[in-house]
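**Q** Residue 1 is where the sequence shown starts when you use UniProt numbering, and the numbers rise one by one after that.
Please note: incorrect hints may appear among the correct ones.
To be verified - Pairwise CB distance ranges (calculated):
(1) Lys132 to Ala55: 25 to 31 Å
(2) Asp160 to Asp111: 27 to 33 Å
(3) Arg155 to Arg105: 17 to 23 Å
(4) Ala47 to Asp160: 32 to 38 Å
(5) Ala63 to Ala2: 17 to 23 Å
(6) Lys132 to Ile177: 19 to 25 Å
(7) Val169 to Trp149: 32 to 38 Å
(8) Ala171 to Asp111: 24 to 30 Å
(9) Asp164 to Lys132: 16 to 22 Å
(10) Glu107 to Gly173: 36 to 42 Å
Bear in mind the hints are in silico, worked out from the structure with no lab data behind them.
Every residue, glycine too, gets a C-beta built ideally from N, C-alpha and C.
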Amino acid sequence: MALTASLLIHAVVARSRANGPGERMTVWVQGCSLGCAGCFNPGTHAAGSARRTVAQLLTVAAAEPIEGVTLTGGEPLEQPDGVAALGAGLRRAGLGLIILTGYSRREIEADPARLRAVAAADLVVAGRYQRKAHLGGALRGSANKTYWWRTERYRHSDLDGVPDLEVIVGADGTMTITGMTAPTIG
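Required output: the full structure, derived from the provided sequences and hints.
**A** Spelled out as structure tokens, the structure:
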């Protein structure tokens with residue numbers, strides 16, 4: 001996969017602690033056709049047009065003192081070629097990769113493109129979000145979602161210290177709220 005491969009992007013946070021173990025870059029892809037009721041990120045569903053190349057994302061990752069990258073959305077596995085290329089680049093750079101997806105492990109394994117997309121992932125958190133089974137923390141969002149440990153880079157205990165919620169204030173005053181607890185602010 002070439003570094004010229006690209007992804008439709010909703011947002012990138014260069015450093016976060018609420019989206020996986022350690023300090024990590026979080027990438028929200030744009031576009032999702034799954035339509036999970038109560039989704040945390042409904043603004044990521046429409047396709048959108050903001051593209052970043054894999055090379056651009058790897059440059060951001062290389063400039064930060066991070067342990068890895070979390071890819072979420074939107075639905076990462078609806079952009080399998082870009083995800084596969086990003087994963088390969090992260091692996092070459094020695095960075096970890098966690099993918100949060102609404103597809104189940106069975107759906108991933110049944111589709112060669114999706115399976116290629118998760119090839120470099122250390123952990124895949126898989127399954128549709130279910131509002132009635134909502135959880136805070138541990139990256140799952142809802143109790144039905146499963147962990148698919150693809151390498152030994154991370155262990156379940158690594159998720160214990162991940163904050164449920166994080167508020168990041170940018171240099172320009174922009175506030176980003178991220179994590180696995182859908183906050184009510186008002």
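**Q** Please list, smallest to largest, the hint numbers that this structure does not respect.
**A** As far as the earlier hints go, 1, 8 are violated by this structure, in ascending order.
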